Amino acid sequence: MTIILGVVLVVTSFISAFLSDSVGRRPLLISSTGGCVVFCILIAIYQYIDEFTEINLTGYSWINLLSMISFCVVANIGVGPLVQTIQAEYFPSRNRSIGGAFAQMISSFAAFLNIKIYEDVSNNVGTYFNYLIF
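Using full-length UniProt numbering, the letters of the sequence shown correspond one by one to residues 1 to 134.
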């Protein structure tokens, strides 16, 4: 499964390069963000039903898998590569390196917090909540 996801992500990264020129960065970023929200909500709903109800979801496990793969694809088309590109345009040329470093530092800190609180949130609230706050 990991190999399939890796191949899909490589293919979508090439698609992203062509789409950003033809569609535009802003519409691509907005639609990618919307897609990520939809797939995170689907994953959260699945996780909630799986953890807190007696409904047997064994026949529907493909929904969770498909939602996760779709999230990765949609994020790789827009949110993943375009945030770094757009971030460089926000700062003037003389301050671009400092601004980019500061923005990357904040992004890395947010990723660190996300990794550190994941298990606590899963244990205390439920796995589904991680996908709602992400």
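Hints are computed from structural coordinates only; laboratory data are not their basis.
Being a predicted model, the structure only gives us computed values, none of them experimental.
It is possible that some hints are incorrect.
Beta-carbon label-pair distances, calculated as ranges [what the hints assert, rightly or not]:
hint	residue 1	residue 2	range
1	T58	N114	26 to 34 Å
2	F134	G99	38 to 46 Å
3	V38	V8	15 to 23 Å
4	S61	E119	40 to 48 Å
5	V23	E119	21 to 29 Å
6	I117	I49	33 to 41 Å
7	L66	I98	35 to 43 Å
8	P27	L57	15 to 23 Å
9	G99	V8	18 to 26 Å
10	V11	N95	31 to 39 Å
11	P27	G59	21 to 29 Å
12	T85	K116	43 to 51 Å
13	T85	I55	36 to 44 Å
For glycine and all other residues, C-beta sits at the position ideal for the given N, C-alpha and C.
Hint check:
1. Between T58 and N114 the beta carbons are some 29 Å apart, a value that agrees with the proposed interval 26 to 34 Å.
2. At roughly 25 Å, the beta carbons of F134 and G99 sit outside the given window of 38 to 46 Å.
3. Taking the beta carbon of each, V38 and V8 are about 18 Å apart, inside 15 to 23 Å as hinted.
4. At roughly 22 Å, the beta carbons of S61 and E119 sit outside the given window of 40 to 48 Å.
5. A beta carbon spacing of about 38 Å between V23 and E119 contradicts the range 21 to 29 Å that was offered as a hint.
6. The given range of 33 to 41 Å is broken by I117 and I49, whose C-beta atoms sit roughly 23 Å from each other.
7. Separation of L66 from I98 is about 42 Å and conforms to the stated range, judged on CB atoms against 35 to 43 Å.
8. One distance hint, 15 to 23 Å for the beta-carbon pair P27 and L57, is violated here, with the actual separation near 35 Å.
9. Against the hinted window of 18 to 26 Å, the Cβ-Cβ separation of G99 and V8 comes to about 33 Å, which falls outside the hint.
10. Between V11 and N95 the Cβ separation comes to about 36 Å, which falls inside the hinted range of 31 to 39 Å.
11. For P27 paired with G59, a C-beta distance near 37 Å fails the hint of 21 to 29 Å.
12. Look at T85 against K116: about 28 Å separates their beta carbons, and that is not inside 43 to 51 Å.
13. A hinted range of 36 to 44 Å for the beta carbons of T85 and I55 is consistent with their spacing of about 43 Å.
Consistency note: the structure conflicts with the earlier hints numbered 2, 4, 5, 6, 8, 9, 11, 12.
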